[in-house]
Amino acid sequence: MTKKFNLFLLGVGTICTLTIPALALNAASYLEKSETSERGGQPVIVETYTLPIGENPDQLIKEPFDTDGVHYVHDITQTQEMQSHEEKLQEITVTAETKGNDMQEILAALPVKEAYSKDGFTGELLLDTTSLKTERSGSKEVSYTVTGTKTVSGLERNDPALVPQTMSKSGLTLKLKSVNWSVDGYSIDENNLDGGTYTATASYSATGYKTVATGYTTTARYSGTVTRTQPDHLTCIITYVGTPIPTPEPEPEPEPDLDPAFEQDAPTAWLYASYLLIAAALLLIIMLLRWWHTSTVRIYSAARGEDDFKLVRRRHLSRKYPKIRLYEPSNADYAVVVKRKMCRKLIGRTITVSMEKCTVKQTVRSGERDLWIMLEPWKEGEDED
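Each residue of the sequence shown is one higher than the one before, counting from 1492 in the numbering used here.
Since the hints were derived computationally from the structure, they do not count as laboratory data.
Treat the hints with care, as some may be off.
Once the Cα atoms are required to be at most 16 Å apart in a straight line, the calculated EDC-like pairs of lysine to aspartate or glutamate come out as [unchecked claim]:
1) 1848 <-> 1572
2) 1801 <-> 1819
3) 1832 <-> 1861
4) 1579 <-> 1615
5) 1579 <-> 1610
6) 1641 <-> 1626
7) 1624 <-> 1596
8) 1609 <-> 1582
9) 1830 <-> 1867
10) 1590 <-> 1626
11) 1604 <-> 1593
12) 1836 <-> 1861
13) 1609 <-> 1577
14) 1848 <-> 1861
15) 1814 <-> 1847
16) 1668 <-> 1647
17) 1604 <-> 1582
18) 1870 <-> 1824
19) 1579 <-> 1650
20) 1870 <-> 1819
21) 1801 <-> 1824
22) 1832 <-> 1867
23) 1836 <-> 1859
24) 1830 <-> 1861
25) 1814 <-> 1538
26) 1848 <-> 1819
27) 1848 <-> 1650
Derived Cβ-Cβ restraints for the label pairs, each shown as a range [what the hints assert, rightly or not]:
28) 1803 <-> 1762: 50 to 56 Å
29) 1775 <-> 1556: 33 to 39 Å
30) 1572 <-> 1596: 49 to 55 Å
Quantities reported herein were computed from a predicted structural model and do not represent experimental measurements.
The beta carbon of each residue, even a glycine, is placed where N, CA and C say it ideally should be.
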């Protein structure tokens, strides 16, 4: 059992050894730039990172570190969501149904513009009238009648058998339907009186069939430019403030041994020590009572760019989860003030103050003075635009 447990610990240690450098490399791959400067006479290091949407910027915060004789600790983290803008040429095909193939009827069935919205791209597409193609969408067979007439003259008698029984017209064979007769005149000679000749006017008819369209389908192309705006990445700015590392002071000389007479007064010394313990206990009680009144922070507001801050509200700050969410208008400057007594309880902790599209994280480094956390949400809005 002990052997298996040792093997388990060895495996965990190996995984941690391989994982920590990988995380460090991953964080370094996000680093855009690192700048060292001074702010108010105090050295600062400002690191700018680019992160994918959804990544947690807290993983990039370093533990306190020393470099060039300066001890640096995390001060503040600022993040901003950056947008990407895309545009492309888009074409779609639209169909329209009409009863006829008249151009005016077809154009009336097709709108001039078509709204486009797909995969986050939006825009308006315009009709390309040169792309219209019209085809029959249905057909049926109908009948029709073809008629014709033919005149035959110089006939000896009015006999229908002398008239042709059919005639051709429009690719059809028409049949004889009726005959009208007329007498052309008489022929007189010395010996005979003839009855004259006849002219026949014959009427013919036939039934034909043809296919006609019952409707038309027109396809049209719409084209235009569509755009898409969406979150692209996070820009994270992490600031570390430094304190010069003091030169080590020489070790104090050892104190001389106590006088034997002092050892004889040991009971009196214990009495004094008891008094000191009682006084310390009373002081501790007073400090605990005052602690209950130091968990409230004050929120001040000023017009953008102005220094005239006015108290707008008070908020409770949890020492276990030092986070504050503000729902104030974003057109002003804000200052969250943490009293120095509360700061003493939060040294080394990071206080997070967030508003819409604006998050500020600041590490408490000292309890000697009140901590002012400044927020300028309107600047975040201008940068985003």
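Hint-by-hint comparison with the structure:
Distance check on the hinted pair: residue 1848 and residue 1572 sit about 8 Å apart at the alpha-carbon level, within 16 Å; holds. Restraint check for residue 1801 and residue 1819: the C-alpha separation of about 14 Å stays at or below 16 Å, so the hint holds. Distance hint between residue 1832 and residue 1861 is fulfilled; the C-alpha atoms sit about 8 Å from each other, no more than 16 Å. Note on residue 1579 and residue 1615: the hinted pairing holds, with a Cα-Cα distance of about 12 Å set against a maximum of 16 Å.
Of the supplied pair hints, the one linking residue 1579 and residue 1610 holds, its CA atoms being roughly 12 Å apart against a limit of 16 Å. Between residue 1641 and residue 1626, the direct Cα distance comes to roughly 41 Å. Violation of the 16 Å bound is thereby established for this hinted pair. A C-alpha spacing of about 14 Å is found between residue 1624 and residue 1596, which places the hinted pair at or below 16 Å, so the restraint holds. Distance hint between residue 1609 and residue 1582 is fulfilled; the C-alpha atoms sit about 12 Å from each other, no more than 16 Å.
Simply put, residue 1830 and residue 1867 have alpha-carbon atoms about 21 Å apart, too far for the 16 Å limit, and the pair is violated. In summary, the hint linking residue 1590 to residue 1626 is supported, as the alpha carbons are separated by about 11 Å, within the 16 Å threshold. Annotation: proposed proximity of residue 1604 to residue 1593 is violated, straight-line Cα distance about 21 Å (limit 16 Å). This hinted pair checks out: residue 1836 and residue 1861 have alpha carbons roughly 12 Å apart, not beyond 16 Å.
A distance of roughly 13 Å separates the Cα atoms of residue 1609 and residue 1577; the hinted pair therefore holds under the 16 Å criterion. For the hint linking residue 1848 to residue 1861, the alpha-carbon distance of about 26 Å lies beyond 16 Å, and the restraint is violated. Restraint check for residue 1814 and residue 1847: the C-alpha separation of about 15 Å stays at or below 16 Å, so the hint holds. At most 16 Å may separate the alpha-carbon atoms for a hinted pair to count; residue 1668 and residue 1647 exceed this at roughly 21 Å.
A hinted pair counts as satisfied when its Cα atoms are at most 16 Å apart, and residue 1604 with residue 1582 qualifies at roughly 12 Å. For the proposed pair residue 1870 and residue 1824, the alpha carbon gap of about 9 Å is at most 16 Å, so the pair holds. Distance hint between residue 1579 and residue 1650 is unfulfilled; the C-alpha atoms sit about 84 Å from each other, more than 16 Å. For the proposed pair residue 1870 and residue 1819, the alpha carbon gap of about 15 Å is at most 16 Å, so the pair holds.
Restraint check for residue 1801 and residue 1824: the C-alpha separation of about 11 Å stays at or below 16 Å, so the hint holds. This hinted pair does not check out: residue 1832 and residue 1867 have alpha carbons roughly 26 Å apart, beyond 16 Å. Proposed proximity of residue 1836 and residue 1859 is supported: the alpha carbons are some 11 Å apart, at most 16 Å. In summary, the hint linking residue 1830 to residue 1861 is supported, as the alpha carbons are separated by about 5 Å, within the 16 Å threshold.
With a CA separation close to 23 Å, the supplied pair residue 1814 and residue 1538 exceeds the 16 Å bound. Among the hinted pairs, residue 1848 with residue 1819 is consistent with the structure: their alpha-carbon atoms are about 12 Å apart, no more than 16 Å. For the proposed pair residue 1848 and residue 1650, the alpha carbon gap of about 108 Å is over 16 Å, so the pair is violated. Distance hint for residue 1803 and residue 1762: a CB-CB separation of about 54 Å, consistent with the stated range 50 to 56 Å.
One distance hint, 33 to 39 Å for the beta-carbon pair residue 1775 and residue 1556, holds here, with the actual separation near 35 Å. Against the hinted window of 49 to 55 Å, the Cβ-Cβ separation of residue 1572 and residue 1596 comes to about 51 Å, which satisfies the hint.
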